[in-house]
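**Q** Now for the letters of each chain:
Number of protein chains: 2
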Amino acid sequence: MTRGPRYTPLADSLPATVPFVGPEAQERARGRAFRARLGANENVFGPSKRAIAAMERAAAETWMYADPESHELRGALAAKLGVTPAHVMVGEGIDGLLGYLVRLVVGPGDPVVTSAGAYPTFNYHVVGFGGRLETVPYRDDHEDPEALIARAGATGAKLVYIANPDNPMGSWHGPETILEMVEAVPEGSLLVLDEAYIEFAPRGTAPVIDPDDPRVIRLRTFSKAYGMAGARVAYAVGAPELIAAFDKVRNHFGMGRIAQAGALAALADEGHLAEVSAAVSVARGRIDEIAAANGLVALPSAANFVAIDCGRDGAFAGRVLEELARRDVFVRKPFVAPQDRCIRVSAGTPAMLDVFERALPEALAAARSG
Amino acid sequence: MTRGPRYTPLADSLPATVPFVGPEAQERARGRAFRARLGANENVFGPSKRAIAAMERAAAETWMYADPESHELRGALAAKLGVTPAHVMVGEGIDGLLGYLVRLVVGPGDPVVTSAGAYPTFNYHVVGFGGRLETVPYRDDHEDPEALIARAGATGAKLVYIANPDNPMGSWHGPETILEMVEAVPEGSLLVLDEAYIEFAPRGTAPVIDPDDPRVIRLRTFSKAYGMAGARVAYAVGAPELIAAFDKVRNHFGMGRIAQAGALAALADEGHLAEVSAAVSVARGRIDEIAAANGLVALPSAANFVAIDCGRDGAFAGRVLEELARRDVFVRKPFVAPQDRCIRVSAGTPAMLDVFERALPEALAAARSG
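Line order of the protein sequences matches chains S and R.
Residue 247 in my numbering is what sits at position 247 of the first sequence, and the numbering runs on without skipping anything.
Residue 325 in my numbering is what sits at position 325 of the second sequence, and the numbering runs on without skipping anything.
None of these hints come from the bench; they were simulated from the model.
None of these values were measured; they are calculated from a predicted model.
Glycine residues also receive a C-beta, built at the ideal position from the N, C-alpha and C atoms.
Some clues are possibly wrong.
[As the list claims (entries may be wrong)] One-sided and incomplete, this derived list gives chain R residues near chain S with beta-carbon spacing under 7 angstroms:
no.: 1; residue: 4
no.: 2; residue: 8
no.: 3; residue: 11
no.: 4; residue: 25
no.: 5; residue: 46
no.: 6; residue: 104
no.: 7; residue: 184
no.: 8; residue: 252
no.: 9; residue: 253
no.: 10; residue: 254
no.: 11; residue: 313
no.: 12; residue: 316
Can you make the complete structure from the sequences, with help from the hints?
**A** Below, the structure written as structure tokens:
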């Protein structure tokens with residue numbers, strides 16, 4: 001039996017890498033669970049009680065496929081955003097929507113611009129469809145809008161990606177900067193504005209963008225502020241022609257029924273969102289204090305995580321991360337220098353941050369002596 | 001603002017069709033709900049109580065991403081199937097897995113063989129990646145293994161698709177026929193054996209296939225016998241090299257956490273599966289009787305639906321379907337002649353089949369006078 005499938009040349013050329021290793025795989029390798037799960041940009045404060053109740057109710061209804069048009073959820077999102085349902089596409093997380101978008105736009109050899117060290121799953125999709133990644137460095141731990149736009153113009157990029165707030169650094173740009181970026185998008189480029197963390201950002205950070213503007217697509221999610229990462233629900237907002245194009249390639253029956261019900265209920269519970277934002281803000285402050293108590297600097301963050309500058313290079317931060325894991329604290333770190341001098345810590349519950357607070361000085365000492 | 005994204009030539013060429021319109025869209029157009037939802041190949045008997053309980057418990061944990069390796073579920077599936085976890089890939093429904101498989105194997109112009117009128121979502125993916133569909137007709141309302149293999153050989157097809165039992169006809173082949181098909185797969189072709197409905201088939205219908213055989217990939221799902229269509233969980237079984245290739249393109253964090261928990265619990269409840277199979281068998285018998293009482297022939301079925309031959313052509317069956325919808329019964333029908341002379345009715349609950357029983361004679365009379 002030496003025969004088998006003939007893969008496409010592109011599939012044959014792809015590496016077998018994955019964007020992230022899950023904490024569960026690390027726990028299996030370690031042989032025990034983490035006590036502080038602070039590495040996956042999850043929202044430890046969880047979903048709205050109303051969302052949980054809606055998901056519980058929907059569990060018995062899973063014999064039915066979900067509405068493939070996500071009519072109710074798209075309607076609710078459109079009402080909230082002041083757009084029409086034709087401006088909104090619901091999908092299986094931002095990861096899923098990015099995959100569809102890249103598939104629609106990026107063919108073999110097509111240039112795409114992003115920042116060196118920005119969201120790896122976007123890169124995974126670009127490479128997966130044969131695109132050519134063009135990266136520009138961060139500037140002062142911020143993605144660099146001017147450099148991104150300049151590179152897009154110079155390379156004829158089909159997509160130019162920015163996350164605001166940024167992952168993994170937590171830094172952000174004000175609405176004017178994003179609007180200037182939209183105005184400067186080169187002809188034939190589409191700005192991919194990943195707003196996964198926007199609800200954690202200072203009020204007014206999200207710019208008002210004409211929803212019919214064909215130069216930009218915004219991506220938002222229920223995985224972060226709404227605390228529903230495991231449910232897989234996100235949405236794109238853009239010009240109706242672009243939104244309609246998703247129907248050519250998406251998995252029409254791919255949305256979970258429980259997920260849609262949960263998202264709909266979550267969207268209606270603005271009080272919970274406010275409580276979570278407040279709790280995240282408190283936790284960020286606590287992380288700042290823990291960092292300072294250890295002589296480290298926590299970077300300002302508009303997300304539900306904080307990048308802590310460990311004060312040396314990436315190898316040192318990597319040792320800190322390993323030593324934290326040894327002490328049952330799961331965190332991750334940026335992949336690319338100079339951002340990789342940091343570790344990235346989620347805005348945890350008080351109990352999780354207690355664990356982190358106890359572990360950090362030991363981890364630093366061990367890393368320094370290593 | 002005349003500018004916008006530049007789609008790939010393939011994306012530009014794709015139609016904006018969808019494989020199926022959901023019943024919810026029909027309900028919105030009608031302005032009222034169906035009383036008998038018997039058209040979407042759903043399992044009205046629903047999930048195991050243990051699966052529902054597991055999903056309810058998981059609802060509060062949706063703040064966490066699911067394990068991207070689906071370690072527990074793959075392990076449980078492997079144990080049940082007598083293979084290793086490396087032979088099993090878990091994905092977002094068979095639709096999701098088919099999308100990944102087609103992406104891995106089918107490039108522009110690549111030939112793919114299926115039956116005329118077989119599962120449209122497979123075709124959707126093939127067209128979506130630029131493949132060339134080669135179809136062979138059904139023979140006596142069965143997919144025709146010899147013709148499929150012959151066409152695969154003649155065209156150099158990269159994939160050859162068969163569903164056993166078949167959707168939409170409910171017909172099936174015995175294990176020897178499928179094994180002969182595997183042996184006859186032309187070099188360079190991969191047999192896609194869609195066993196979505198296999199748990200409803202007579203005992204022994206599923207052949208024993210060497211899990212290391214590189215000529216075939218089997219697809220199974222929690223959407224049908226396990227009653228969890230809305231949860232989006234399915235799995236592929238195949239040679240480890242092929243299974244590993246999915247990691248190059250799949251949405252690694254695409255599986256829902258509630259879905260995985262539910263599937264794991266469902267898998268352990270074999271009693272429920274037996275009860276559902278018995279209930280489906282009773283419902284198929286009832287559909288046979290209803291058909292006979294109206295002078296129609298119900299085709300033998302090994303799935304959880306029954307194709308009823310309406311005795312005339314596709315246009316007539318289409319009128320029957322419309323008249324049923326007018327009477328609040330949602331069913332679908334095959335798309336391609338001569339199978340399209342049938343309507344396809346899910347094995348419903350007694351109450352749903354009561355509605356169908358009352359509606360059918362009226363619908364037939366109206367269709368005949370139409």
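**Q** Now, for every hint given, state plainly whether the structure supports it.
**A** For each hint, the structure was consulted:
A hinted interface residue such as residue 4 of chain R counts as satisfied when its beta carbon comes closer than 7 angstroms to some beta carbon of chain S; here the least separation is about 3 angstroms, so the hint holds. At about 4 angstroms, the closest approach between the beta carbon of residue 8 of chain R and any beta carbon in chain S falls short of 7 angstroms, and the interface hint on this residue holds. Look at residue 11 of chain R: its Cβ gets to within about 5 angstroms of chain S, closer than 7 angstroms, so that hint holds up. Here the hint on residue 25 of chain R is kept, as its CB sits about 6 angstroms from the closest CB of chain S, short of 7 angstroms.
Against a cut-off of 7 angstroms between C-beta atoms, the interface hint on residue 46 of chain R holds, since the closest Cβ of chain S lies about 4 angstroms away. Interface hint status for residue 104 of chain R: upheld, as the beta-carbon distance to the closest one in chain S is roughly 5 angstroms, under 7 angstroms. Proximity of residue 184 of chain R to chain S is violated relative to the hint, the smallest CB-CB distance being about 12 angstroms (cut-off 7 angstroms). For residue 252 of chain R, the interface hint holds, the least distance from its beta-carbon to any beta-carbon of chain S being 5 angstroms, beneath 7 angstroms.
The criterion of a C-beta within 7 angstroms of any C-beta in chain S is met by residue 253 of chain R, whose closest approach is roughly 6 angstroms, and the hint holds. This hint holds: residue 254 of chain R has a C-beta 6 angstroms from the nearest C-beta of chain S, less than the 7 angstroms allowed. At a threshold of 7 angstroms, the smallest CB-CB gap from residue 313 of chain R to chain S is about 29 angstroms, leaving the interface hint violated. Proximity of residue 316 of chain R to chain S is violated relative to the hint, the smallest CB-CB distance being about 28 angstroms (cut-off 7 angstroms).
Checked against the numbered hints above, the structure violates hints 7, 11 and 12; every other hint is satisfied.
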